[in-house]
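Participant: Each chain, written out:
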Amino acid sequence: MLLKELTSLFAPSGFEDEVREFVKKHACADEIYTDRIGNLICRKKGRGKRIMVCAHMDEVGLMITGFTEDGFLKFDSLGGIETAVLLSKKVYIGEKRVPGIVCAKAVHLQSKDERSKPLEMKSMSIDIGAESREEAQKYVSLGDYAVFDGEYTPFGDKLVKSKALDDRVGCAVLLELMKNEYESDIYYVFTVQEEVGLRGAKVAAHEINPDIALVIEGTTCSDVYGSHEHNQVTNLGGGAVMTAMDRAAVSDRNYFEYIKRVAKDENIKLQIKRTTAGGTDAGSIQRSLNGIKTAVLAVPCRYIHSPVSVMNTEDFESVHRLADAALRNMERTDI
Amino acid sequence: MEACEFLEILDGAYGISGNEDEVRGEIRNLFENYCDSVSTDALGSVIGLKKGTDGSAPSVMIEAHMDELGLMVSSITDGGFLKFVTIGGFDPKVLPGTEVTVHGVEKLFGVIGAMPPHLVTDRSKASDIDDLCVDIGLSKAQAEEKVKVGDIISINTSYTRLCGDYAAARCIDDRGGLAAVLRVLDLLKDVKVKNDVYAVATVQEELGLRGARTSAALLQPDFAIAVDVTHGKSSGVSEDAFECGKGTVITMGPNLDRKLTKKMIEIAQNNNIDIQKEACAGNTGTDAWEIQVSGRGIRTALLSIPLRYMHANYEVCNLKDIESTAQLIAMLIVGLKGGEDLCF
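First to last, the sequence lines map onto chains A and B. According to the numbering used here, the first sequence is numbered sequentially starting from 3. According to the numbering used here, the second sequence is numbered sequentially starting from 5.
Some clues are possibly wrong.
Claimed, not checked - Using 35 Å as the maximum straight-line C-alpha spacing, the simulated DSBU-like pairs for lysine-lysine come out as follows: (1) B:Lys144 / A:Lys266; (2) A:Lys6 / B:Lys324; (3) A:Lys124 / B:Lys129; (4) A:Lys27 / A:Lys98; (5) B:Lys267 / B:Lys324.
To be clear, the hints were calculated from the coordinates, so they are not data collected in a lab.
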């Protein structure tokens, strides 16, 4: 199953190789090439509008930034990880997937003050069982990446838990869409480095200069205990998510309405993101060159950017169907 | 079988204080390979007896606790999330992002999520147990069919070998101790020992040394060796902690029998077994505290395995320390015989 395989790959920001190779193996397109920054572009030629459909390959992760004398690793985050989820979790480091535990003082040894304060990343380290800096460096190098242990696990009522749903869901949808024939000239772009500043998309948009862009993402879902309806942002099971506005982009009004119409016509569940926080590759793309009309379709994910992100498989299907419907009808709109 | 093999088996079974069923089953199976009889007392502690060749020789109890920390369902929210209370001393900071199993009508997979960042009102405070809940992906109605208040929740982890002799596991406290006890039985398998040896896996240590109290009262051995864990040094932890890989920690102090403890130190030094020493002026916080004053009194010693990140999801130890613990205990038992040199 494509999504399950995609989530098992290790590809944090700046180290997207594993996903790039996987996509190359499974893509079907007229042209497949990698650009200078590492974006993978798969073009299916057509005579209509030039459309860029994209998803980012990178997941949030860690990078090893130093060693202590007694063999522990210091680290920083690649992308925005909520530090609260890091403590006492297993990670795998580098290509050799060396296992390590993110660690800090045992609770019994913490002062009252330490117990009540959240831990910062600089107070944590990774224990790989090395007894000295020299020994640690036999297994791990400075600059190595680390990725969460977070196996794809179906559970509950049609839900799935996994690391990296953001944005392997997008990559999986793109691989499915690529199997179809559409009238437009479509560039399926698997971008790099979204999590560290929407960087790959900026380059891809500049090079391709599409008329229209469609971004497939994973997005925040906070319909959890302790949050009121107005803070939930999206709901699991509420359908594909469209964003009217976030920190990086304001959706084009006509394009936005077009997608809403298509969803209604084809009976696809749709919800609108109820916050203006966050950002996606749309932010980079929209502001490229002379400006590009952009929309975002997203799968809602609880606990996004953690090893235990959760989605509803029906929402994933809704995003897939809606993206397909939007592409099918693209030549009959005047966005 | 090696100590690490025992540890991997034991860590694979859950057994939360007061609800130790799954691990109790594993322990019974393992004890049956080495003991003449295996029984379970009223609270659930497992007792294996390896009969000695001399009925008049003093008996010795070697023990570790089988229970681990866990959670218990306290309510089901309108959204189908499970609120919980903790069994044992958790650091709430390790819980966000944790995978769990809810033991309801059937085993259900769940996650403890993190508070969404845009909803955190006070960033200077760590999350509290009250802020957290388990997400089993069901509606309230669906959840109520499968889960009820009082159901146990265990933490999901997988035993992991790290570099060298280090290993990461969920409850080396105190399955590491039990692994040492089993390794002692393994080492003595074909050895004729004069003394009756009771191997005991106690319950409910984390709630207040309860299984130790009742099993010691039942058995009333002459000598007892408790095996537990103590803090291991790690990054940022050097005080009140011991080196991992430098041997088992022998504790000295009023809680422990001086002659028995001294004898263990001598045996270690004469046989090149790595040990470290700890001075504890009061309650060692282990089963030894209860055992020492049980009934007519029991001469008790304590060995502890240095352990990093005690009570976190993944604890880390050096497997050599479990092996040296077992070697030392086995040698003591073989040399115990009449034990006259150890009396007041």
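Participant: Output the indices of the hints that this structure fails to meet, ascending.
Facilitator: Hint 2 contradicted; others consistent.
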